[in-house]
Amino acid sequence: MVQMWLWLGVFSMAIGCLIFGYGAHQGRSDRWKILYTLNFFICLIAAGLYLAMALGQGFSVIHDRPTFWARYITWFTSTPLLILDLTFLGRTSLPLIAGLIGANQFMIATGGMSAISPKPINYIWYAVSCGAFLSILFMLVVPYRAEAEAHHPRSRKAFRKLLAAHVILWTLYPVVWMLAGTGFGVLDQAGETGGYTLLDIASKVGFGLLSLNTLQQIEQANDFQPAPTPASVHG
Amino acid sequence: MVQMWLWLGVFSMAIGCLIFGYGAHQGRSDRWKILYTLNFFICLIAAGLYLAMALGQGFSVIHDRPTFWARYITWFTSTPLLILDLTFLGRTSLPLIAGLIGANQFMIATGGMSAISPKPINYIWYAVSCGAFLSILFMLVVPYRAEAEAHHPRSRKAFRKLLAAHVILWTLYPVVWMLAGTGFGVLDQAGETGGYTLLDIASKVGFGLLSLNTLQQIEQANDFQPAPTPASVHG
Amino acid sequence: MVQMWLWLGVFSMAIGCLIFGYGAHQGRSDRWKILYTLNFFICLIAAGLYLAMALGQGFSVIHDRPTFWARYITWFTSTPLLILDLTFLGRTSLPLIAGLIGANQFMIATGGMSAISPKPINYIWYAVSCGAFLSILFMLVVPYRAEAEAHHPRSRKAFRKLLAAHVILWTLYPVVWMLAGTGFGVLDQAGETGGYTLLDIASKVGFGLLSLNTLQQIEQANDFQPAPTPASVHG
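Listed in order, the protein sequences are those of chains R, P and U.
Its first residue numbered 1, the first sequence is counted upward by one per residue in the working numbering.
Its first residue numbered 1, the second sequence is counted upward by one per residue in the working numbering.
Its first residue numbered 1, the third sequence is counted upward by one per residue in the working numbering.
Incorrect hints may have been included.
Unchecked claim - On the chain P side, residues computed to face chain R include the following (Cβ under 7 angstroms):
# : residue
1 : Asp-30
2 : Lys-33
3 : Ile-34
4 : Thr-37
5 : Phe-41
6 : Leu-44
7 : Ile-73
What the hints assert, rightly or not - Far from chain U, some chain R residues (derived; all Cβ distances over 10 angstroms):
#  : residue
8  : Met-1
9  : Tyr-22
10 : Tyr-72
11 : Ala-164
Calculated from the structure, these hints are not laboratory results.
By construction, the Cβ of each residue, glycine as well, lies at the ideal position given by its N, Cα and C atoms.
Modelling step: build the complete structure from the supplied sequences, incorporating the hints.
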């Protein structure tokens with residue numbers, strides 16, 4: 001069962017690569033090309049991860065728990081691209097982009113520590129990582145949304161949908177962690193692998209398609225308020 | 001004793017996170033938010049490092065020397081942010097930013113090699129790392145200062161103070177290295193840990209506060225000469 | 001013999017550092033300084049790698065093959081700088097820079113997997129890495145060249161020469177991989193080390209000099225068409 005889930009991951013991410021790669025090649029403007037390119041590499045990194053895991057690599061038994069530690073290395077490089085999806089669409093200001101990316105990297109690094117640490121130390125890292133996640137949620141729901149809606153006043157509904165999808169999907173990752181052997185042990189290894197695989201497909205291929213749909217709606221509404229120039233930082 | 005120093009590190013860096021995080025949230029302009037955000041993440045990374053070390057992680061006995069190798073991994077991500085503190089305040093040109101960051105990353109990577117190599121090979125890496133450090137000192141004291149003073153002619157004193165603090169603090173790190181078990185062995189493990197902890201607190205929390213003070217002085221003097229536009233690169 | 005090749009690498013890269021470092025210091029404009037700085041760090045990273053290998057570090061016997069795995073770690077940081085050499089000279093658009101850098105990092109990461117995986121799994125990674133390389137070749141020969149020639153219509157010949165050198169040199173790396181113990185085993189360890197060393201010298205020091213020559217020719221032809229402004233992304 002574990003193996004089947006992993007190959008499903010390889011296959012789904014490869015489909016994602018085809019869709020987004022074709023779009024990046026054909027994109028009708030730099031704006032579309034950038035968004036397609038971000039989603040392409042998110043799926044490409046995940047395709048590499050699932051291929052490694054399906055071949056039995058990036059895996060060790062750590063403190064009696066079978067652990068695909070390679071997930072955390074690839075999440076460290078793919079999740080900042082997902083944040084860039086959001087900030088690119090929302091035309092987020094530089095300090096907020098820095099805050100989101102920094103908190104995200106800290107969340108993944110400490111999440112990785114939680115996966116490879118013995119109990120009960122792993123719960124300390126889990127709590128730290130969840131703290132970083134809560135700060136990301138706050139930044140997205142309050143200042144990110146405010147900036148995105150200020151730049152695109154006619155596209156509030158599109159941004160709310162995009163944010164809702166992001167918040168729900170990312171919240172489910174620590175839930176799987178807590179249900180799996182890393183936490184209460186309710187899920188066996190097949191359940192854990194299936195949970196992460198379905199989440200990865202939804203939050204990478206699915207979310208990528210949703211981000212394209214969001215850009216489509218913004219363009220259809222011709223909804224671009226002028227952004228403050230970068231020069232304002234050193235006014 | 002080692003353990004006490006490490007928890008002091010956790011506590012001090014957490015205080016730093018609170019101060020700079022609050023500032024990043026409340027900052028009255030993007031300029032302030034960026035500086036606060038840089039200092040927040042410098043302290044957050046260090047807080048994560050000290051927590052790991054206090055929990056007994058990121059540590060191995062390498063070539064008979066007890067070695068907190070995790071320091072070098074986190075320094076690799078926090079020290080470039082310290083360089084960005086300086087270049088942001090000085091509005092440094094792109095080639096010089098690249099030179100400083102590149103030399104810094106090389107210094108930390110080869111410094112890490114010096115920590116995990118057997119004697120006498122570790123002295124070769126130590127010399128290489130010190131060479132990178134000397135090139136950083138030169139870049140800071142000559143071209144960096146010239147650019148910063150050209151952009152802020154009324155704030156020379158503030159920049160001299162900032163640079164002096166940076167140069168003195170960073171020079172003490174290789175001194176601790178040489179006095180500790182990595183070098184002559186004058187300091188025992190508690191002394192080494194105490195030395196690095198005090199330096200980290202001074203060069204992260206202390207230097208962060210000084211960088212905010214510098215921005216305050218530049219703004220009070222209303223001292224902003226126009227910077228050359230990035231377009232000049234491809235003029 | 002292996003040792004001799006490695007010290008030749010140290011020596012050659014140090015020469016490269018001297019040439020490009022002096023140029024970065026003396027450069028007569030930001031444009032020249034940026035190009036010299038990129039080439040300086042490409043050689044500096046390689047100098048560090050060859051020094052480590054010459055000292056017997058970054059090396060393990062993996063699946064019965066003597067493997068300098070440190071190569072892949074340093075290539076991961078130096079090859080994107082080589083791509084930046086090209087995109088800086090060609091004033092490449094943002095989506096294409098992202099595509100080239102992303103594909104390059106994926107190529108090196110999967111190439112590293114091919115070096116540390118047992119046979120026959122290593123051939124799967126080799127094929128994936130070659131796929132990434134082919135996509136880089138396509139991007140360079142078609143859209144990169146089109147953009148570079150559009151921006152510098154009088155410098156077509158210079159760009160063709162630069163691209164030809166790049167394509168030929170980079171194509172030889174997977175050839176050495178296939179001839180060495182990682183593939184058919186035609187080359188012994190000295191042959192493999194010699195092959196990679198000569199390629200590294202040509203593609204880092206040699207290619208760096210060629211890139212400077214290209215900029216010289218572009219400037220002599222006074223050949224700078226206005227580039228589209230970054231603002232066009234969010235038109």
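Do the hints match the structure? See the list:
{"no.": "1", "hint": "Asp-30", "result": "holds, 5 angstroms"}
{"no.": "2", "hint": "Lys-33", "result": "holds, 4 angstroms"}
{"no.": "3", "hint": "Ile-34", "result": "holds, 5 angstroms"}
{"no.": "4", "hint": "Thr-37", "result": "holds, 5 angstroms"}
{"no.": "5", "hint": "Phe-41", "result": "holds, 5 angstroms"}
{"no.": "6", "hint": "Leu-44", "result": "holds, 6 angstroms"}
{"no.": "7", "hint": "Ile-73", "result": "violated, 9 angstroms"}
{"no.": "8", "hint": "Met-1", "result": "holds, 22 angstroms"}
{"no.": "9", "hint": "Tyr-22", "result": "holds, 13 angstroms"}
{"no.": "10", "hint": "Tyr-72", "result": "holds, 15 angstroms"}
{"no.": "11", "hint": "Ala-164", "result": "holds, 24 angstroms"}
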